[in-house]
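Chemist: In case you want the letters, here they are:
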Amino acid sequence: MPVRNHGRVEITLTVNGEEHRLDVDVRATLLDVLRERLDLTGSKKGCDHGQCGACTILIDGMRANSCLALAVAHQGAEIVTVEGLAEDGELHPLQESFIEHDAFQCGYCTPGQICSAVGMLSEVEAGWPSAVSPDLGAERSELTDEEIRERMSGNICRCGAYMNIVPAISDAAR
Amino acid sequence: MSATDTLTRAIGTPLRRIEGREKVTGEARYAYEHQPENVAYAEGVQARIACGEIRSLDASEALAQPGVIAVIWKENAPKLADDADAELALFQSRRVAYRGQYVAAVVADTPEAAREGQRLLQIEYDEEPHDVELRDDHPKLYTPEKVNPSFPAHVEKGDVEDALGSAAASVDATYRTPAFHNNAMEPHATVGLWQEGDLILYDSNQGAPAHRDAIAKVFDLPPERVRVISPHVGGGFGSKGTPRPQAVIAAMAAQMVGRPVKVAVTRQQMFAVTGYRTPTIQRIRLGADADGRLTAISHEVVEQTSTLKEFAEQTAVVTRVMYAAPNRRTTHKLARLDVPTPSWMRAPGECPGMFALESAMDELAIACGMDPIELRALNDTQADPEDGETPFSSRNLVGCLREGAERFGWADRDPTPGVRREGRWLVGTGVASSTYPAYRRAAQASARAEADGSFVVKVGAADIGTGARTALTQIAADALSTSVDRVRVEIGDSALPKAGVAGGSMGTASWGTAVVRACEALRAKLDDDAGLPAEAEADTSEEIEQQKKLARHGFGAQFAEVRVDSDSGEVRVPRLLGVFAVGRIINPRTARSQFIGGMTMGMGMALHEESVMDVEFGDYLNRDLAQYHVPSCADVQSIEAAWLDEDDDELNPMGSKGIGEIGIVGTAAAIANAVHHATGKRVRELPIRLDRLVACA
Chain A
1 MPVRNHGRVE ITLTVNGEEH RLDVDVRATL LDVLRERLDL TGSKKGCDHG
51 QCGACTILID GMRANSCLAL AVAHQGAEIV TVEGLAEDGE LHPLQESFIE
101 HDAFQCGYCT PGQICSAVGM LSEVEAGWPS AVSPDLGAER SELTDEEIRE
151 RMSGNICRCG AYMNIVPAIS DAAR
Chain B
1 MSATDTLTRA IGTPLRRIEG REKVTGEARY AYEHQPENVA YAEGVQARIA
51 CGEIRSLDAS EALAQPGVIA VIWKENAPKL ADDADAELAL FQSRRVAYRG
101 QYVAAVVADT PEAAREGQRL LQIEYDEEPH DVELRDDHPK LYTPEKVNPS
151 FPAHVEKGDV EDALGSAAAS VDATYRTPAF HNNAMEPHAT VGLWQEGDLI
201 LYDSNQGAPA HRDAIAKVFD LPPERVRVIS PHVGGGFGSK GTPRPQAVIA
251 AMAAQMVGRP VKVAVTRQQM FAVTGYRTPT IQRIRLGADA DGRLTAISHE
301 VVEQTSTLKE FAEQTAVVTR VMYAAPNRRT THKLARLDVP TPSWMRAPGE
351 CPGMFALESA MDELAIACGM DPIELRALND TQADPEDGET PFSSRNLVGC
401 LREGAERFGW ADRDPTPGVR REGRWLVGTG VASSTYPAYR RAAQASARAE
451 ADGSFVVKVG AADIGTGART ALTQIAADAL STSVDRVRVE IGDSALPKAG
501 VAGGSMGTAS WGTAVVRACE ALRAKLDDDA GLPAEAEADT SEEIEQQKKL
551 ARHGFGAQFA EVRVDSDSGE VRVPRLLGVF AVGRIINPRT ARSQFIGGMT
601 MGMGMALHEE SVMDVEFGDY LNRDLAQYHV PSCADVQSIE AAWLDEDDDE
651 LNPMGSKGIG EIGIVGTAAA IANAVHHATG KRVRELPIRL DRLVACA
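So the protein sequences, as listed, match chains A and B. For the first sequence, my numbering assigns the number 1 to the initial residue and increments by one for each residue that follows. For the second sequence, my numbering assigns the number 1 to the initial residue and increments by one for each residue that follows.
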């Protein structure tokens with residue numbers, strides 16, 4: 001990682017399967033790099049402090065708040081944003097399900113909700129328990145509505161679409 | 001044309017959101033996401049005192065930072081043509097009216113450099129003592145000339161004191177609501193650029209034409225030289241109903257640096273510069289005869305505004321609509337404090353007012369030994385309670401209460417408080433009424449028939465998440481007797497036919513009327529064998545001016561079940577049900593979302609939300625989403641909405657009433673009433689925090 005003057009560093013990021021070589025400000029967050037440099041504006045800035053989840057992306061397969069991730073710390077990372085979920089124009093099942101269940105209104109938290117749900121479902125798949133899992137030793141928690149609500153509580157929706165987000169995720173996970 | 005004449009095919013169907021695909025794929029571009037060539041970034045800088053003057057500003061260190069282009073403040077800002085809206089008169093004075101007011105802006109090549117420049121500005125102040133605490137004995141309280149938007153502040157009929165003195169049952173209680181912040185998910189943002197003297201703003205707002213007019217005035221430009229483009233808006237809840245300072249910063253900075261400029265208000269800054277709901281102190285007095293019939297209603301409100309601008313929330317106005325009583329008084333008093341200017345937040349007036357009134361009705365039901373639904377039904381009226389004459393175009397409050405009672409399972413409710421226990425949990429149920437006016441305002445629209453058989457309908461409307469784009473498509477399809485897939489509705493641009501903001505729950509009614517009239521005019525043209533393409537326009541000013549004088553309001557009933565932890569005071573809400581009578585539902589899928597969204601926000605108001613004034617520094621203390629708690633996914637267990645069929649030919653061609661705000665009206669009272677039923681403790685001050693209930697058993 002050659003360090004340039006004025007605190008700039010060259011890094012490589014793979015975003016939605018495409019490799020980018022970028023000269024980034026060491027202060028730049030992944031969120032700002034995605035939005036301002038790569039014109040991938042699907043990931044949203046709702047608070048810039050990791051409190052709302054609108055910026056949720058997948059970093060090496062794990063969900064993360066991109067507003068709290070410095071780009072310079074993610075040299076070589078494989079990133080998937082909401083723009084990378086549909087394949088060949090075919091929506092991801094979660095995207096379809098969000099439309100069907102009207103799981104959003106203004107849509108600003110939606111990319112974060114959907115990326116978070118993708119990450120959350122793989123956490124469940126991998127056997128991670130949550131604060132409401134009845135058996136912490138279980139190989140895999142059952143994906144109840146209560147589990148979804150608990151595991152999705154890092155993603156705020158001010159329009160109040162939670163009643164639709166939970167069944168949207170639950171249906172897509174079937 | 002009445003609602004029943006309309007050949008309905010699309011209206012009433014659960015069409016999926018037109019822009020759904022764009023929103024789930026990230027393709028929908030919100031204001032800040034427009035990226036003109038060579039764009040620069042601006043950061044607003046906030047005052048660190050609540051009252052006083054800027055003594056000096058030293059920008060040298062900031063300007064020495066690589067990438068920082070300019071620092072704008074009073075001494076180098078262009079003189080604005082119009083400073084009538086003091087919240088938009090940026091950098092025109094050294095005076096500071098509240099802590100957090102924008103006093104400068106830093107413009108830079110990158111967002112990182114702008115932020116660094118902001119940090120390095122040296123601003124010195126001459127500080128004066130501030131006054132930021134609202135009290136009901138505040139010496140500066142005064143009666144405003146009118147309350148939002150133009151209601152009398154003080155209305156009195158009969159002799160309230162006399163009637164209260166001789167009432168068989170009465171309630172005299174004071175309710176308090178804290179300041180609430182709208183907190184739409186998308187922070188207010190603007191990208192500004194100048195093209196040959198014309199100003200273009202990509203802006204997050206609730207109505208592009210109204211914003212265009214306001215900004216044009218600030219910069220003394222003819223409106224046609226300003227264009228506001230807002231295809232997608234990440235929520236507003238009232239806070240984007242008027243232009244916010246970042247729009248002025250974007251335009252001013254772009255002018256000064258000769259480049260396009262982007263500005264986003266940060267989440268923290270939103271708590272000062274983008275409006276909020278005033279705290280309220282509300283004294284309610286109710287008197288009833290031995291049967292429970294109201295003889296007197298008094299609702300006296302104390303609230304705040306800033307020294308910059310008067311905003312008087314119409315908190316007691318809803319009491320003029322709800323229940324019959326011969327003796328009635330509704331008053332508002334304001335204190336001008338050194339605080340940010342309050343503004344619209346979802347159902348201004350109705351929302352806080354109904355927390356107080358509907359809590360008091362619950363208290364009166366208990367005082368009378370009556371079921372709270374029966375008390376409300378007994379005091380219902382079919383004529384405007386203030387003049388006793390003007391009929392309601394439709395009023396189905398009692399129908400909603402009855403239908404809700406049936407669905408919720410109210411019939412066997414034991415009214416005794418504090419007696420249902422499941423382990424640690426105390427369980428209770430509560431009910432409250434909802435209401436919201438059904439207004440309309442004038443709008444213009446155009447409709448065009450293309451040669452290929454498709455239609456384009458244009459109206460300067462806004463979809464802030466309400467589903468307006470989808471509803472208008474359905475309305476246009478029916479008016480054109482075609483299918484929704486042959487209609488494209490264009491909204492979100494001030495270049496479109498002029499229409500009012502998404503506010504006051506009157507968007508769909510206002511824009512929809514104009515769309516129907518434009519489509520009718522187009523059909524008339526086509527019936528006259530006009531060739532294709534053909535276009536027609538409509539302006540509803542006259543139609544709306546000439547509408548019959550009637551009381552037009554939606555009504556509803558909300559039911560809550562709560563569980564209160566008898567040790568910690570934690571409140572959970574396993575069930576909320578809302579039943580509404582709001583004319584014809586245009587799209588049941590998006591309408592349900594509107595109702596449950598409002599109720600979810602109402603639950604936040606009841607249990608979570610509170611902006612705490614730091615009296616020492618004169619600022620809202622908890623200014624982020626970690627400290628200002630809004631409902632999260634885990635807080636919502638079951639929230640259901642239903643509606644009655646309501647035919648009302650006196651509304652608009654669709655027969656619809658607005659639904660964006662009624663969902664938040666009454667929720668907090670229903671929850672507070674349920675908390676009382678569960679615990680026996682009456683919480684009259686929101687939110688219902690743990691410390692207000694701890695050791696409630």
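Worth flagging that the hints you see were computed from the coordinates, not collected in a lab. All C-beta atoms in this analysis are idealised placements derived from N, C-alpha and C, irrespective of residue type, glycine included. Keep in mind that the hints are not guaranteed to be accurate.
[As the list claims (entries may be wrong)] Have a look at the derived ranges for each label pair, beta carbon to beta carbon:
| no. | chain 1 | residue 1 | chain 2 | residue 2 | range |
| --- | --- | --- | --- | --- | --- |
| 1 | A | E142 | B | R21 | 43 to 49 Å |
| 2 | B | K74 | A | Q75 | 42 to 48 Å |
| 3 | B | V615 | A | E90 | 36 to 42 Å |
[To be verified] Computed footprint of chain A on chain B; a stretch qualifies when at least three of its residues, placed anywhere within it, have a C-beta under 8 Å from a C-beta of chain A:
| no. | stretch |
| --- | --- |
| 4 | 24-38 |
| 5 | 306-313 |
| 6 | 353-367 |
| 7 | 434-448 |
| 8 | 524-535 |
| 9 | 564-572 |
| 10 | 598-607 |
Chemist: Against each hint, give a clear statement of whether it holds in the structure.
Modeler: Cross-check of the supplied hints:
no.: 1; hint: A:E142 - B:R21: 43 to 49 Å; in the structure: violated, 31 Å
no.: 2; hint: B:K74 - A:Q75: 42 to 48 Å; in the structure: holds, 44 Å
no.: 3; hint: B:V615 - A:E90: 36 to 42 Å; in the structure: violated, 57 Å
no.: 4; hint: 24-38; in the structure: holds (count 10)
no.: 5; hint: 306-313; in the structure: violated (count 0)
no.: 6; hint: 353-367; in the structure: violated (count 0)
no.: 7; hint: 434-448; in the structure: violated (count 0)
no.: 8; hint: 524-535; in the structure: violated (count 0)
no.: 9; hint: 564-572; in the structure: violated (count 0)
no.: 10; hint: 598-607; in the structure: holds (count 4)
When held up to the earlier numbered hints, the structure conflicts with 1, 3, 5, 6, 7, 8 and 9 and fits the remainder.
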